[in-house]
Every structure is written in structure tokens, then in C-alpha cells.
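Asker: For reference, each letter of the sequence shown is one residue, going 1 to 140 in the numbering used here.
Take every hint as true, because none was put in to throw you off.
In silico lysine to aspartate or glutamate, EDC-like type, Cα no more than 16 Å apart, as pairs:
1) Lys131 - Glu23
2) Lys35 - Glu139
3) Lys15 - Asp63
4) Lys15 - Asp69
5) Lys140 - Glu30
6) Lys6 - Glu30
7) Lys15 - Asp87
8) Lys32 - Glu139
9) Lys15 - Asp74
10) Lys6 - Glu23
11) Lys32 - Glu22
12) Lys15 - Asp86
Cβ-Cβ distance ranges computed for the label pairs, FRET-style:
13) Val71 - Lys32: 37 to 47 Å
14) Trp3 - Pro58: 33 to 43 Å
15) Pro29 - Pro85: 36 to 46 Å
In case anyone wonders, no lab produced these hints; they're calculated from the structure. Only a predicted model underlies this, so the values are computations on that prediction, with no experimental measurement involved. Glycine included, each C-beta is placed from N, C-alpha and C at the ideal position.
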Amino acid sequence: MTWAQKQIRLTARTKGYHLVHEEIISQLPEIKQYKIGMANIFLQHTSASLMLNENCDPDVRKDMNMALDHVFPDNLPYVHTDEGPDDMPAHLKSGTIGVSLNIPITNGRLNTGTWQGIYLCEHRVHGGSRKLVVTLQGEK
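With the hints as extra help, turn the sequences into a complete structure.
Answerer: Listed below in C-alpha cells is the structure:
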């Protein structure tokens, strides 16, 4: 069993739910060496999250944004407001959705379902670029 780990950076995006599956894979050429294993993808931030979800219909992203903004609105009387009105709701969304994914590797590829893709859920209006630590474990 072998391990590999690297940090990768995603381009800055505005608030929303963005498919980043291919952007991640393009920075992980070493995944092609693994016959079987697991990939842990960890986001090093507290105001964004990672999600595995529907990758075909862009309306899913719009609905996700609408529903989570309804559950965690910007206009509640939050105490933590030093970084702006969208910061505390971003922390709540990040904590609810999560910042890591574990995905099986099969024959050098992430073994996701037909309609699954990796999303960066950017919860801040101006989140900046985001860093990921990807850990690969398996047999080559």
C-alpha cells in the first residue's frame, strides 16, 4: 500500500456551488498510478465546503444556493460579524455540509457515480482561492 499527499489550489470563485471535479483531477496526475484505493479531499477553510452531488443540471446548484440561504440567512442577529454579514452564515454552511470527501479510486480514476461531481460550495461573496489537501492511499 502506498500513500501520496499534495496541496492543490482552486481558482477564486464568487458565492455559489461550483463544479470543480475536473480542476481537482487536472492537478492530480499521480492518481492514474493507483489501481485501487481511496482519495481524501480536504478543504483548508471554514467558510466554504465540499460536496458530492448532481453534476448535470445547473438548476441543482441554483436550488442548493436558494435552500441553504433560506436555512442560514445573512440577516440573523449574529454576534460574529467582524468579517462581514456573510461570514457567520458561511461558517454554519461549511460546518453543516463539511470540508472533506472520501472517494474510492478504481483503475486510476475517482469512482464516482454517473451523475456525481465534486462541488466547491463557496459561501462568501468574495471567498478567494481555496486550498485543498488531497491524500491518496492504495495499491499501484
